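Peer 1: Sequence:
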Amino acid sequence: MPKRILQGSVVSDKGEKTVIVNVERMFTHPLFKKVVRRSNRFHAHDAENKYKVGDLVRIQECAPKSKLKRWEVIGLGAKG
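Take the sequence shown: its letters are residues 1 to 80, numbered as in full-length UniProt numbering.
For the record, the hints were derived by calculation from the structure and aren't laboratory data. A couple of the hints might just be wrong.
[What the hints assert, rightly or not] Derived DSSO-like pairs (lysine-lysine); straight-line CA-CA distance at most 27 Å:
#	residue 1	residue 2
1	K17	K67
2	K52	K79
3	K69	K50
4	K3	K50
5	K3	K79
6	K17	K52
Computed from a predicted structure; not experimentally measured.
Start from the sequences and build out the full structure, keeping to the hints where you can.
Peer 2: Spelled out as structure tokens, the structure:
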């Protein structure tokens, strides 16, 4: 099964080798037909501590690395 790849912005880099990434998605509400914005925060593994708050990054699913980390940063995201 392919691994999911998501794109989001780093909202915290305080943990050692960990960043928290906020991923936003937009969809049309099934009943009200309005565009709704939802977001999720994922703890992602950053082995070199090189990503800082505000960076746009891509994260990929991986085997569990700790209690909360099931994602790893694979690089900077594309802007736009």
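Peer 1: A separate judgement is required for each hint: does it hold in the structure or not?
Peer 2: Tested hints:
1. K17 <-> K67: Since the Cα atoms of K17 and K67 sit roughly 14 Å apart, the hinted pair holds (cutoff 27 Å).
2. K52 <-> K79: Answer holds: K52 to K79 is near 16 Å, not above 27 Å.
3. K69 <-> K50: Holds, at about 17 Å.
4. K3 <-> K50: Status holds; Cα separation ~23 Å.
5. K3 <-> K79: 22 Å, holds
6. K17 <-> K52: Given that 27 Å is the threshold and the Cα spacing comes to 11 Å, the pair holds.
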